[in-house]
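Mapping of the sequence shown onto the UniProt record's numbering: residues 1 to 258, in sequence order.
Hints were generated in silico from the structure; no laboratory data involved.
Heads up, some of the hints might be wrong.
[Claimed, not checked] EDC-like, lysine to aspartate or glutamate: derived pairs with alpha carbons at most 20 Å apart:
| no. | residue 1 | residue 2 |
| --- | --- | --- |
| 1 | 234 | 198 |
| 2 | 166 | 116 |
| 3 | 166 | 250 |
| 4 | 166 | 182 |
| 5 | 166 | 180 |
| 6 | 224 | 250 |
| 7 | 224 | 116 |
| 8 | 234 | 182 |
| 9 | 234 | 119 |
| 10 | 234 | 141 |
[What the hints assert, rightly or not] Derived Cβ-Cβ restraints for the label pairs, each shown as a range:
| no. | residue 1 | residue 2 | range |
| --- | --- | --- | --- |
| 11 | 236 | 29 | 32 to 40 Å |
| 12 | 46 | 114 | 20 to 28 Å |
| 13 | 251 | 24 | 49 to 57 Å |
| 14 | 238 | 45 | 46 to 54 Å |
Predicted model only: the values in this text are computed from it and were never measured.
All C-beta atoms in this analysis are idealised placements derived from N, C-alpha and C, irrespective of residue type, glycine included.
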Amino acid sequence: MLERILARWQGLALSLIGIVSISWLALSGQLGLYIHPRYFVFTVVMAILGGLLTLAAFAVTPEKDEHEHESEQLEPAAPRGRWRVVLPLAGIVAIALAFVALVIVPPSTLTTATVENRELNSSATGVESDTSSNVELAGSDVSSLSLRDWVSLLRDGSGSDFVVGKTTTLSGFVTADSSDPENVFYLTRFVITCCAVDAQPIGVPVYSPGWSSTYAVDSWVEAKGTFALNPSGKSSESVVMANPTVSAIDQPAEPYAY
């Protein structure tokens, strides 16, 4: 069995790196940076099963008999010359990259760089946009509404009537309003449906002239303010959180919206 493991050590190494990284993320509470919480148990169970099946594959693979050995002698010869060096090196490089990406590099949330490649507050975010749902939100206690709820109300015309004049406190990371980056920024979060690959950005616009001199893009802040018609003549947003009190905060343990 030892000979079989040594002969296939690259595949075993890749499997172990994946299993160790998933287990570590789960134990450290950081698995949520990559997948929706509903898939935590499934992912951990599959990682454990993957490890057991990998070991079982080495344990149950039959030894080569004499006939198999003779048939291998009739097969084309293994790569020779420089390819005998290049191919193993390529495998080692792949393993090293996987180790660095999954084990060494600390996990992090998605940032404004991803927002720029995906439309903010698009219909693909999973934010409710039908009138009936927003009527229910409008009848809710304001203090119970999440950033995702406010985005839904702002996207709907009937909801905007309810929003204006309401005061709330929300948190998110800073993303500049592309139409008026000097005066308006978004409190931004990502909505995760399955994993970070399908994450879509949502954000509540905040009117705060000169904000960039105090808060950097991608920094996490908490803002308390009252929704009002947007004073900006450049911004594409009609309603914003105005007269905000903004303070820097640490990234929350659960940075995404679900």
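Each hint, compared with the structure:
Straight-line distance between C-alpha atoms of residue 234 and residue 198 comes to about 31 Å, which puts the hinted pair past the 20 Å bound. Using a Cα cut-off of 20 Å, the hinted pair residue 166 and residue 116 is violated, with the two alpha carbons roughly 29 Å apart. At roughly 26 Å between alpha-carbon atoms, residue 166 and residue 250 are farther apart than 20 Å, so this suggested pair is violated. Straight-line distance between C-alpha atoms of residue 166 and residue 182 comes to about 24 Å, which puts the hinted pair past the 20 Å bound.
A C-alpha spacing of about 23 Å is found between residue 166 and residue 180, which places the hinted pair above 20 Å, so the restraint is violated. With a C-alpha separation of about 16 Å, the suggested pair residue 224 and residue 250 falls inside the 20 Å cut-off, and the hint holds. Among the hinted pairs, residue 224 with residue 116 is inconsistent with the structure: their alpha-carbon atoms are about 25 Å apart, more than 20 Å. About 10 Å separates the Cα atoms of residue 234 and residue 182, which keeps this hinted pair within 20 Å; it holds.
As the CA atoms of residue 234 and residue 119 are separated by approximately 19 Å, the hinted pair is consistent with the 20 Å bound. A hinted pair counts as satisfied when its Cα atoms are at most 20 Å apart, and residue 234 with residue 141 does not qualify at roughly 32 Å. The given range of 32 to 40 Å is respected by residue 236 and residue 29, whose C-beta atoms sit roughly 38 Å from each other. Checked against the hint of 20 to 28 Å, the C-beta distance between residue 46 and residue 114 comes to roughly 26 Å, which is consistent with it.
At about 19 Å, the beta-carbon gap between residue 251 and residue 24 misses the expected band of 49 to 57 Å. Distance hint for residue 238 and residue 45: a CB-CB separation of about 47 Å, consistent with the stated range 46 to 54 Å.
Consistency with the previously given hints fails for numbers 1, 2, 3, 4, 5, 7, 10 and 13, ordered from lowest to highest.
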